[in-house]
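> Construct all of the structure, not just a fragment, from the sequences and the given hints.
Protein chains in written order, with my numbering: chain A, 20 to 252; chain B, 11 to 131.
Think of the hints as simulated: they come from the structure by calculation, not from any bench.
Careful, some of the hints might be misleading.
Said to hold, decoys possible - With a straight-line Cα cutoff of 25 Å, these simulated PhoX-like cross-link-like pairs (lysine-lysine) come out:
| hint | chain 1 | residue 1 | chain 2 | residue 2 |
| --- | --- | --- | --- | --- |
| 1 | A | Lys35 | B | Lys51 |
| 2 | B | Lys51 | B | Lys63 |
| 3 | B | Lys51 | A | Lys175 |
These are the residues of each chain, in order.
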Amino acid sequence: MNNPRILEIRRGVLEKNDLLAQQLRARFNGAGVYVANLVSSPGAGKTALLEVMLRRLREAGHHAAALVGDLATDNDAQRLARSGAPVHQIETGGNCHLEADMIAAHLAEWGIELKGLEYLFIENVGNLVCPASYDLGEHLRAVMLSVTEGEDKPLKYPTMFNSSDVTLITKIDIAEAVEFDRAAAYANVQAVRPGMTIFETSAKTGQGVTDWLDYLAERREMLHTPTPQVESS
Amino acid sequence: MHELSIAYNLVDIASQAAEQAHAQRVDVVYLRLGRLSGVEKDALLFGYDIAVKETILEGSRLEIEDVPVTVYCPACDAVSALEDIQLFCCPHCGTPTGDIRQGRELEIISLEIDNEQPAYS
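As structure tokens, then:
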């Protein structure tokens with residue numbers, strides 16, 4: 020006998036990922052490690068900038084490590100390992116983004132001791148669409164925009180730019196040669212994410228890297244300072 | 011494209027709920043999809059037809075309610091819908107605002123099911 024009815028559910032489709040991400044964030048907080056998720060289109064210079072960041076941090080006596088997501092090959096992990104920092108590769112086997120369960124599984128496989136680590140960088144798969152939907156338990160999401168890509172990238176990928184906390188403009192050393200329109204780029208970033216912090220960086224000359232790392236250090240300090248819970252309405 | 015994997019997640023949650031409710035058949039799945047969810051509607055509908063194969067949801071329809079992005083404007087002290095997601099500012103006074111109140115939803119609301127009276131009840 021038929022008995023048609025409405026069954027209420029009200030559940031987030033990504034609830035499993037979100038729950039796991041919350042657990043990861045609690046784990047990171049407990050260990051005192053500040054985690055940044057780096058996203059960009061392919062070729063924006065994530066690996067090059069990260070290599071410089073890891074080297075600088077190491078030279079300054081800090082402990083940083085990196086988890087590197089790629090569709091295939093461990094070329095990026097090999098490049099990053101030159102910095103001397105612990106690096107672990109996540110080969111996604113065609114998956115266009117990282118998910119929280121991959122982070123959890125690879126942290127276990129890697130066996131890295133989170134305690135004592137100050138920074139963990141997660142280099143996401145080069146893609147400005149899919150990674151936007153997945154919380155990895157990070158404290159900060161930084162989206163990179165290279166000067167060769169065109170100033171309208173934020174308008175083409177508003178969800179990714181909106182879901183990020185910081186924009187890193189990369190390859191700024193060649194801005195003039197490629198006629199990068201700085202004002203337009205800034206205006207477009209601000210249009211999709213008003214008030215967003217922007218750093219101009221170059222992996223080649225090192226420009227802007229200190230400012231960006233100082234910013235991360237400040238944010239990391241805030242992890243250890245208990246802040247009153249702000250009610251969001 | 012990650013909509014296929016999203017569709018599999020959706021089907022997992024919905025079919026589990028349907029089975030728990032002893033549904034015999036699922037006719038419609040109602041979903042709320044925010045414009046800032048990062049999920050493309052057409053791609054999700056396409057993925058859905060693949061993901062439902064050989065599940066209790068096979069033959070069901072995915073009904074998607076588009077959720078606009080709304081932002082709070084401190085100058086107007088009001089929440090309004092954005093006209094487009096390329097420009098985060100108050101549609102009334104133009105004040106830039108990133109205070110998002112709605113638009114990231116990716117949520118299964120309900121299922122329309124046909125129940126079979128369980129034989130053991």
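> Compare the structure with each hint and give your call.
Okay, the hints, checked on the actual structure:
no.	hint	result
1	A:Lys35 with B:Lys51	21 Å, holds
2	B:Lys51 with B:Lys63	19 Å, holds
3	B:Lys51 with A:Lys175	17 Å, holds
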